[in-house]
Amino acid sequence: MMTVLKVENLAKHYPIKGWGKKQQSVTALKDISFEINEGEIVALVGESGCGKSTLAKVLMKLTPATSGRIELFSEHDYQDEKTPRSTDIQMVFQDPYFSLNPRKKLWELIADPLLIQKKASKEDAKIRALELMERVGLRTNMADRYPHMISGGQRQRIGIARALILEPRVLICDEPISALDVSIQSQIINLLLELRQQFSLTLLFITHDLTVVRYLAEKVIVMYLGEIVEWGDKEALFNNPSHPYTKALLEASPSIFGQKKHSPLTGELPSPVNPPSGCAFHPRCPIAQESCRQKRPLLREGDDKRLIRCDLV
Amino acid sequence: MSALKLYLKLLLPHHGALFGLIIILIFALMAIFAPLLAPHDPYTIYPDFLRIAPGLATTSKGLFLFGTDDVGRDLLSRLIYGARLSLLIGISVVAFSSIIGGVLGLVSGYKGGYWDTVIMRLMDILMAFPSVLLAIVIVSILGPGLLNTIIAVSIVAIPSFTRLIRAQAIAEKEKPYIHAALTFGAGPWRIMLKEILPNCGAPLIIQGTLGLSDAILNAAALGFLGLGAQAPLAEWGTMLADARAYIESSPSLVTLPGVCILLLVLGLNLLGDGLRDILDPKVGQKR
Amino acid sequence: MILSVKNLNVSFPAENGQCLKAISNLSFELKEGETLGMVGESGCGKSLTNLCLMGLWPTQAIIEFDELIILGKKIPRPDPKLWQDIRGSKVSMIFQDPMSALNPTMRVRKQIFEVFRFHRNDINKDQYEDEAIQLLNDVGIPDPQKRLDAYPYELSGGMAQRIMIAMALASKPQLLIADEPTTALDVTIQDQILTVLRELIEKYRMALILVTHDLGVVFQNTENIQIMYAGEIIERGKTKDVIHHPSHPYTDGLLKSLPESQKNQAKLYSIPGVVPDIHDRPPFCQFAPRCPKAQDLCDKEFPIWHKNNFSTAYCHFPMDQDNK
Chain F
13 MMTVLKVENL AKHYPIKGWG KKQQSVTALK DISFEINEGE IVALVGESGC
63 GKSTLAKVLM KLTPATSGRI ELFSEHDYQD EKTPRSTDIQ MVFQDPYFSL
113 NPRKKLWELI ADPLLIQKKA SKEDAKIRAL ELMERVGLRT NMADRYPHMI
163 SGGQRQRIGI ARALILEPRV LICDEPISAL DVSIQSQIIN LLLELRQQFS
213 LTLLFITHDL TVVRYLAEKV IVMYLGEIVE WGDKEALFNN PSHPYTKALL
263 EASPSIFGQK KHSPLTGELP SPVNPPSGCA FHPRCPIAQE SCRQKRPLLR
313 EGDDKRLIRC DLV
Chain L
254 MSALKLYLKL LLPHHGALFG LIIILIFALM AIFAPLLAPH DPYTIYPDFL
304 RIAPGLATTS KGLFLFGTDD VGRDLLSRLI YGARLSLLIG ISVVAFSSII
354 GGVLGLVSGY KGGYWDTVIM RLMDILMAFP SVLLAIVIVS ILGPGLLNTI
404 IAVSIVAIPS FTRLIRAQAI AEKEKPYIHA ALTFGAGPWR IMLKEILPNC
454 GAPLIIQGTL GLSDAILNAA ALGFLGLGAQ APLAEWGTML ADARAYIESS
504 PSLVTLPGVC ILLLVLGLNL LGDGLRDILD PKVGQKR
Chain H
0 MILSVKNLNV SFPAENGQCL KAISNLSFEL KEGETLGMVG ESGCGKSLTN
50 LCLMGLWPTQ AIIEFDELII LGKKIPRPDP KLWQDIRGSK VSMIFQDPMS
100 ALNPTMRVRK QIFEVFRFHR NDINKDQYED EAIQLLNDVG IPDPQKRLDA
150 YPYELSGGMA QRIMIAMALA SKPQLLIADE PTTALDVTIQ DQILTVLREL
200 IEKYRMALIL VTHDLGVVFQ NTENIQIMYA GEIIERGKTK DVIHHPSHPY
250 TDGLLKSLPE SQKNQAKLYS IPGVVPDIHD RPPFCQFAPR CPKAQDLCDK
300 EFPIWHKNNF STAYCHFPMD QDNK
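Protein chains in written order, with the numbering used here: chain F, 13 to 325; chain L, 254 to 540; chain H, 0 to 323.
The set of hints was computed from the structure by calculation and includes no laboratory data. No experiment lies behind these values; they were computed from the predicted model shown. Just so you know, nobody snuck in bad clues.
With a straight-line Cα cutoff of 30 Å, these simulated DSS-like cross-link-like pairs (lysine-lysine) come out:
1) L/LYS447 with F/LYS138
2) H/LYS262 with F/LYS246
3) F/LYS259 with H/LYS262
4) L/LYS428 with F/LYS18
5) H/LYS20 with L/LYS258
6) F/LYS130 with L/LYS364
7) L/LYS428 with F/LYS134
8) F/LYS116 with L/LYS428
9) L/LYS447 with F/LYS116
10) L/LYS262 with H/LYS20
11) L/LYS364 with F/LYS116
12) H/LYS255 with F/LYS259
13) F/LYS138 with L/LYS426
14) L/LYS426 with F/LYS29
15) F/LYS317 with H/LYS262
16) L/LYS258 with F/LYS117
17) F/LYS94 with L/LYS364
18) H/LYS266 with F/LYS246
19) F/LYS131 with L/LYS364
20) L/LYS428 with F/LYS131
21) H/LYS239 with F/LYS246
22) F/LYS134 with L/LYS364
23) L/LYS426 with F/LYS131
24) L/LYS262 with F/LYS117
25) F/LYS117 with L/LYS364
26) F/LYS130 with L/LYS447
27) F/LYS134 with L/LYS426
28) H/LYS145 with F/LYS29
29) F/LYS117 with L/LYS447
30) F/LYS116 with L/LYS262
31) L/LYS428 with F/LYS29
32) F/LYS131 with L/LYS447
33) F/LYS117 with L/LYS426
34) L/LYS364 with F/LYS29
35) L/LYS428 with F/LYS130
36) H/LYS239 with F/LYS259
37) L/LYS428 with F/LYS138
38) L/LYS258 with F/LYS134
39) H/LYS262 with F/LYS18
40) L/LYS428 with F/LYS94
Only chain F is shown next, with the shape it has when bound in the complex (with noise of 0.2 Å):
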């Protein structure tokens, strides 16, 4: 199987501005390695703050990473180039009304990056924005309207098509459907499988929602502070979840099938300008030891071809 998307140590610093003081940054991410193949659908996790929007970002090359390598099909160089390979790789924002120029028709969102990257005419890109718009199920008659006057599974649609038109072999999903009401997420995710079918694409999908991830996605990533903490299938994930932190989001995460019975993880994320010596985690970790607040855990393999941070299990 073919990857088409690899990151090797990939790190990202913002400075902080400030008076006085020697220049501080916060670290957005940190060591971040991971493949994509083609073909699969890979979920990453984590909290507001743990870095999952800034890697995608990255990979859109919205901001550029401080260090580390991303290679995109295996060609190696993606890291420094300025603009986003946007045939090859594009991206399905969250917010489906910010994310649409509200002084645009539907056709002419649609149709933008075809333009933008000269790939048509302007007629030719009409019709081909039309034919997406069939295809994300929406009808051709709504071309002329704004995206205000459509609700907010139709905008979705919108962002979805025009991620599509340039035909990219991988597409980042950005929590495309935590901004939606619980009847228009079925709709939306639905579209994403069949669409994924039919444009044989390889799926990013960032989100907080466990319970998507464990209907949706075939690998895992759960990322903490900047930090991939645990990697690997999902069934092995879910079933038997290794690291303190990926458990107690599962636990967290509440289902409308069985009580639950456990205490609540205690305190909240830390300060990204302050992160906690040794494991990041450990100040809220139920099993951590005197050793997790000296050393900070490598990933390692543990069961299951998983990738784990963490020494103890």
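Given chain F's structure and the hints, the job is docking chains L and H onto it.
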């Protein structure tokens, strides 16, 4: 078209703005149809009819409704042609300053950093001087005249546009739709002109309307000081200046151009304020 | 009885002189210590209902009801003044966004003391500090003494929501209305907040109305449930029963469309169409145009309440429970 209809629908219940719009339309019609409306040529001198008082009395050369000025030109005709000149100055100034100010604002807001610092400090310098004073300085350098008036008043008006567009660009550039455009490989100019600029429409319309009134006022002030449009051009400010000497004997010569300036500026300000009320709170955004 | 509402109607005047009905003929009751989940999608009227119960409806809304009894006090007419001694002292409310509900210019201490000053005659000023610390302890805030001096911007979202809960409890209410209290929070923080809420409800024997769109949250935290759709309650019952044996086709569809109910990319059910716009609601059954079980009758007559072993549903043709 539907947007225009929507604005009109919102404008109608807003009495101030509607009143302003009517005044402006009257002046605009006057300006457009000046040759048809004016009873006399504004530059023809009737040596026998110097400083005739306004009235309905018919003379051998026809009716002088608003009287004549000190060299015997028909005041009404000159006022009508003056509307043409004032609006011409105002519109050119707004066009010129909004384009330059808009581009500077977009670059400053979107690019940020070095660009922002340089452009905004430049604008701060321009804004440090009172606007009329600065216009006087520029005209003194360039020399008096209509074109130079337009240039001077435009330069004075640039900072307000720059600041406005910069603020808008800063607000817009962090929105996801700009990120989306970037992921399609859009370059900075495309983003500035095709993504951000269309979203500056409402504030631009408001600032344009208010800028028009400022420009007309400033141009009239320059004309009055003898630095703007030169005699015999029928410009309200210049007319006002020429008639100063006769303020006691023929008060109408001073009053009427003044009233014209007042009405037009009032109309523009009323419309501008009304538009601000109507357009600013997210009209066309969510519903 | 904590609360009894009969035929609450809320409408908004429209441009053309008509009235848009946001909530129609809503009736329900709440017993002491009961925990009730109100579930529905955005625009179904669940938040508006609770604003009405608090006397906080939007000014342009037109409110009508046949009967409204809050904590034994009958409210004769919809006049916000009549809520003054109920609001805050006997009924408290917490909102989705704690940051905008807290006053950004006031320290936490002062905001809690304000509540004491208005609603707690049983304690005097010297006891305020101790009582406040006790409250912050209750909601699980570490180092409460220090937190009292904090300004809201210094708090994380989870901490701010805990403070909001503490303030809501400061007046010792008998009913707490929580409107999407954890929607803006992360899963692990949501879990913490809901656990605190559960413990406190039990400790203070409060009744709770939990408004949310998240069926998992309702399932874990409430004993009864009512499902709302387009301004109406369409199903009610024990939470467990309704979620595991839904009767109304809408509830059924909603549950079937959850990713949790399917395994491994098997196609999810999705309810066809969209929630009807408030300008354009069906005359009778609100769900009929999207309903797989709808028949001619549904477009001609109002639905009736059907009761089965598990729940009551406002529907002519509820789901058949025997086939499950």
